[in-house]
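Trainee: Take the sequences, apply the hints, and build the full model.
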Amino acid sequence: MTRLFFVGLLFAAILGAYMHHLNGIVRVKFEGKRWAVPAHVFARPLEIFPGSAVTRAQLLAEINELGYRPVQQVDSPGTYAEREGKGISLHSRGFSYWDGVDPPRLVEIDADDKGVKAIRGAQGNLDLMRLEPVQIGSIYPAHREDRVLLRYEDLPPTLIGALLAAEDRDYFDHFGISLKGISRAMLANLKAGRTVQGGSTLTQQLVKNFFLTSERSLKRKLNEALMAILIDYFYTKEDILQAYANEIYLGQDGQRAIHGFGLAARFYFNRPLPELSLKDQALLVALIRGPSHYNPVRNPERARERRDLILDLMASHGIIQPDQAEASKREPLGLEISRHTTGGNKFPAFMDLVSRQLSRDYHEEDLNSEGLRIYTTLDPWVQSQAQEALAQQLAEIEKQRRKTPGTLEGALVVVGRDSGEVQAVVGGRQAAFEGFNRALDSVRSIGSLIKPPIYLTALSMPELYSLVTPLSDEPYTLKQRGAPDWSPQNYDGKTHGNPMLYEALAKSYNLATVRLGMQLGVGHVAETLRALGVGRSFNELPSMLLGAISLTPLEVAQVYQTMASGGYRTPLRTIREVLNQEGKPLSRYPLDVQQSVRPAPAYLTSVAMQRVVSEGTATSLRKWLPRELGIAGKTGTTDELRDSWFAGFSGDKVMVAWVGRDDNKPSGLTGASGALQVWGNAMSRMAPEPLDLIPLEGVVFAQTPCTSMAMPFADNIVPTEGGCATADEWLNGEWLPDQEGAAPASRNNNGWKNPWEIP
Numbered sequence: 005m006t007r008l009f010f011v012g013l014l015f016a017a018i019l020g021a022y023m024h025h026l027n028g029i030v031r032v033k034f035e036g037k038r039w040a041v042p043a044h045v046f047a048r049p050l051e052i053f054p055g056s057a058v059t060r061a062q063l064l065a066e067i068n069e070l071g072y073r074p075v076q077q078v079d080s081p082g083t084y085a086e087r088e089g090k091g092i093s094l095h096s097r098g099f100s101y102w103d104g105v106d107p108p109r110l111v112e113i114d115a116d117d118k119g120v121k122a123i124r125g126a127q128g129n130l131d132l133m134r135l136e137p138v139q140i141g142s143i144y145p146a147h148r149e150d151r152v153l154l155r156y157e158d159l160p161p162t163l164i165g166a167l168l169a170a171e172d173r174d175y176f177d178h179f180g181i182s183l184k185g186i187s188r189a190m191l192a193n194l195k196a197g198r199t200v201q202g203g204s205t206l207t208q209q210l211v212k213n214f215f216l217t218s219e220r221s222l223k224r225k226l227n228e229a230l231m232a233i234l235i236d237y238f239y240t241k242e243d244i245l246q247a248y249a250n251e252i253y254l255g256q257d258g259q260r261a262i263h264g265f266g267l268a269a270r271f272y273f274n275r276p277l278p279e280l281s282l283k284d285q286a287l288l289v290a291l292i293r294g295p296s297h298y299n300p301v302r303n304p305e306r307a308r309e310r311r312d313l314i315l316d317l318m319a320s321h322g323i324i325q326p327d328q329a330e331a332s333k334r335e336p337l338g339l340e341i342s343r344h345t346t347g348g349n350k351f352p353a354f355m356d357l358v359s360r361q362l363s364r365d366y367h368e369e370d371l372n373s374e375g376l377r378i379y380t381t382l383d384p385w386v387q388s389q390a391q392e393a394l395a396q397q398l399a400e401i402e403k404q405r406r407k408t409p410g411t412l413e414g415a416l417v418v419v420g421r422d423s424g425e426v427q428a429v430v431g432g433r434q435a436a437f438e439g440f441n442r443a444l445d446s447v448r449s450i451g452s453l454i455k456p457p458i459y460l461t462a463l464s465m466p467e468l469y470s471l472v473t474p475l476s477d478e479p480y481t482l483k484q485r486g487a488p489d490w491s492p493q494n495y496d497g498k499t500h501g502n503p504m505l506y507e508a509l510a511k512s513y514n515l516a517t518v519r520l521g522m523q524l525g526v527g528h529v530a531e532t533l534r535a536l537g538v539g540r541s542f543n544e545l546p547s548m549l550l551g552a553i554s555l556t557p558l559e560v561a562q563v564y565q566t567m568a569s570g571g572y573r574t575p576l577r578t579i580r581e582v583l584n585q586e587g588k589p590l591s592r593y594p595l596d597v598q599q600s601v602r603p604a605p606a607y608l609t610s611v612a613m614q615r616v617v618s619e620g621t622a623t624s625l626r627k628w629l630p631r632e633l634g635i636a637g638k639t640g641t642t643d644e645l646r647d648s649w650f651a652g653f654s655g656d657k658v659m660v661a662w663v664g665r666d667d668n669k670p671s672g673l674t675g676a677s678g679a680l681q682v683w684g685n686a687m688s689r690m691a692p693e694p695l696d697l698i699p700l701e702g703v704v705f706a707q708t709p710c711t712s713m714a715m716p717f718a719d720n721i722v723p724t725e726g727g728c729a730t731a732d733e734w735l736n737g738e739w740l741p742d743q744e745g746a747a748p749a750s751r752n753n754n755g756w757k758n759p760w761e762i763p
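Counting with this note's numbering, you get residues 5 to 763 for the letters of the sequence shown.
Source of the hints: derived by calculation from the structure; they are not laboratory data. Some hints could be false.
Keeping only pairs whose Cα atoms sit at most 35 Å apart, straight-line, the calculated DSBU-like set for lysine-lysine is [as the list claims (entries may be wrong)]:
id, residue 1, residue 2
1, Lys627, Lys511
2, Lys407, Lys498
3, Lys184, Lys212
4, Lys498, Lys627
5, Lys669, Lys511
6, Lys407, Lys669
7, Lys403, Lys483
8, Lys498, Lys483
9, Lys184, Lys223
10, Lys118, Lys212
11, Lys241, Lys588
12, Lys90, Lys118
13, Lys212, Lys225
14, Lys184, Lys241
15, Lys627, Lys407
16, Lys511, Lys483
17, Lys184, Lys225
18, Lys403, Lys223
19, Lys498, Lys511
Note that this is a predicted model, so its numbers are computed, not measured.
Mentor: See below:
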């Protein structure tokens, strides 16, 4: 008897020591950082106000993307109804932004195909409201788990009831393990002659998922039971349920693992958990038993059968009424999962750029484990229109030109004209799939897109050049020591005498441009490119004047954004704010505007680029956009028709389009026949603002002997009759102006004075 006592005492001591060891493991994990929560990335919030250009179609697309449900009676957050006429009744969800909290509100919005007319709330007309931003992706930890963390208060009572009815009906009565449940399971299994029921409690399931593996062994089952008892002793039932609701595995989206009811609600139904109906909640609980076996996409009938069983259990346990269960069972599964098949990142090309910009400021571990909330500049409407336009137009071009389908590729970048905020990035015609990001990584010769910076360089010397300065478009040969002579040609193989400067740019004359560039000096043109935002190194060679410089579409967008904004360079950005898991701001990304080019020359260059569209190489843009918009742009074509480019801007957007082949073989397309068509298709969908170029101080309009119409001139320098001389005559000293303020630029040891000396 004594020996038995000491054996029992020894066993108790060993068990106590082992329980102490397990308790240390439990408490460190349960009270510390429970999950590596990925950073969640959001688009910009949609701001609407009377007079805004948000169309009815755009508004409906946005609220559907956010998972708002169409209903007859709008009485809860996340619902809307289309009214007769142009009205939309909407009950917003509210959202916590970096600059405050917008509460849920019920509003009536009048909007048509031109924009928002009025917004009416309970207290009268509203001047402004915001819709919560669409989540566009996540930055995952190495094991690719994703979740949306919930508090116990966020769990609908009916969901908790369904969970307990299906998985652990004695949850609030047991101490972590259920002897009654184990007995019930053993009896059921004996009757069936096989395992048909388990005896594990929710607490044991949590332990297995949280601390242990799925190994089938006595040791693992013993650890599971002991740790469940410890958790139940030290923590409340509510804490345990909260942890379970965030940990449970409920499906797979590509390489992304769907954990927790919060993310599962958004993944399967595109709505927050509190907005799910009874049938939706029952389906989520049904998935616990086997997310793959009951996958509602691959096995809809099996999933529906299990869902209906959960509804019956809810009714039998008094959680819902029997008629509610029957009504819910008649409903379809109602999934909204089709748009969520890219591993959680809806716009991978844009997310690629976000990740690159974030990596400059954050460690990778912070991005994939700290639950950061990242607010970006992406406009989902602009992004979706750009994607559709690129895919549609490439297919149309291949059909018209009888090319093998799928041989052409393309890229689009859309940025705010003045803000430099990147609104859309399309890395290829299959925009939803991650892969080679042509917008960021395809470094291609830019062809005639180089010409506006060359002409900008000239117009920065108003004493020498104006829009009406005649240029020589005659044959040109550059003799190079140790290399063959270089004799560029115009695209049409002809010469065009002495076109005025704006005409040479509008018609994209190569000979006039090369002669002008050589007069300016290749070095000066290179300075212009760097001032416009080119950070990539390149060779300063004469061939650069015809586009023998390679850039990505994103880099081209930076160059054209600087010109479009009047010479104010704003480094392109995708991030507005970063908040931590508690909603406190970590980093701000304010506008960083630098005047890198004098506004007057930038203005004149934009005027000349409008002529490219109205009377030059881009006149076919009229097929897509009315002339009254005043679009400015430039076509670009490279040798052997390998690359097709178009870069241009409206009053609010700068967009760059590239079309070509990944194998770098000739595409057979000019800038006008390829990229311009993509650009026009995309921009026509975005309701662009007109480009109204406002004359700057120091810019005067005058009619000169060189032209029959009034033209703008910088620094009040208006040429007289002698000003119609060609630039060659200027530089050869065959004509010298006599009017005050029109003398040629002074020379220094480096040649002409530096045009980048901005007062």
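Trainee: Against each hint, give a clear statement of whether it holds in the structure.
Mentor: Taking the hints in turn, this is what the structure says about them:
As the CA atoms of Lys627 and Lys511 are separated by approximately 19 Å, the hinted pair is consistent with the 35 Å bound. A hinted pair counts as satisfied when its Cα atoms are at most 35 Å apart, and Lys407 with Lys498 qualifies at roughly 29 Å. Of the supplied pair hints, the one linking Lys184 and Lys212 holds, its CA atoms being roughly 20 Å apart against a limit of 35 Å. Of the pairs offered as hints, the one joining Lys498 and Lys627 holds, with about 27 Å between alpha carbons and a cut-off of 35 Å not exceeded.
Using a Cα cut-off of 35 Å, the hinted pair Lys669 and Lys511 holds, with the two alpha carbons roughly 26 Å apart. Between Lys407 and Lys669 the CA atoms are separated by roughly 13 Å; this keeps the pair inside 35 Å, and the hint holds. The suggested pairing of Lys403 with Lys483 is violated, with an alpha-carbon distance near 44 Å, which exceeds 35 Å. The hinted pair formed by Lys498 and Lys483 meets the criterion: a straight-line CA distance of about 21 Å does not exceed 35 Å.
With a C-alpha separation of about 22 Å, the suggested pairing of Lys184 with Lys223 holds against the 35 Å cut-off. The hinted pair formed by Lys118 and Lys212 fails the criterion: a straight-line CA distance of about 57 Å is larger than 35 Å. Restraint check for Lys241 and Lys588: the C-alpha separation of about 30 Å stays at or below 35 Å, so the hint holds. For the proposed pair Lys90 and Lys118, the alpha carbon gap of about 12 Å is at most 35 Å, so the pair holds.
For the hint linking Lys212 to Lys225, the alpha-carbon distance of about 9 Å falls within 35 Å, and the restraint holds. About 18 Å separates the Cα atoms of Lys184 and Lys241, which keeps this hinted pair within 35 Å; it holds. A hinted pair counts as satisfied when its Cα atoms are at most 35 Å apart, and Lys627 with Lys407 qualifies at roughly 22 Å. Taken as a hint, the Lys511 and Lys483 pair is honoured in the structure, with Cα atoms around 26 Å apart against an allowance of 35 Å.
Proximity of Lys184 to Lys225 is assessed by CA-CA distance (about 17 Å); at most 35 Å being required, the pair is judged to hold. This hinted pair does not check out: Lys403 and Lys223 have alpha carbons roughly 66 Å apart, beyond 35 Å. Simply put, Lys498 and Lys511 have alpha-carbon atoms about 12 Å apart, close enough for the 35 Å limit, and the pair holds.
Figure legend: structure checked against the earlier numbered hints; hints not met, in rising order: 7, 10 and 18.
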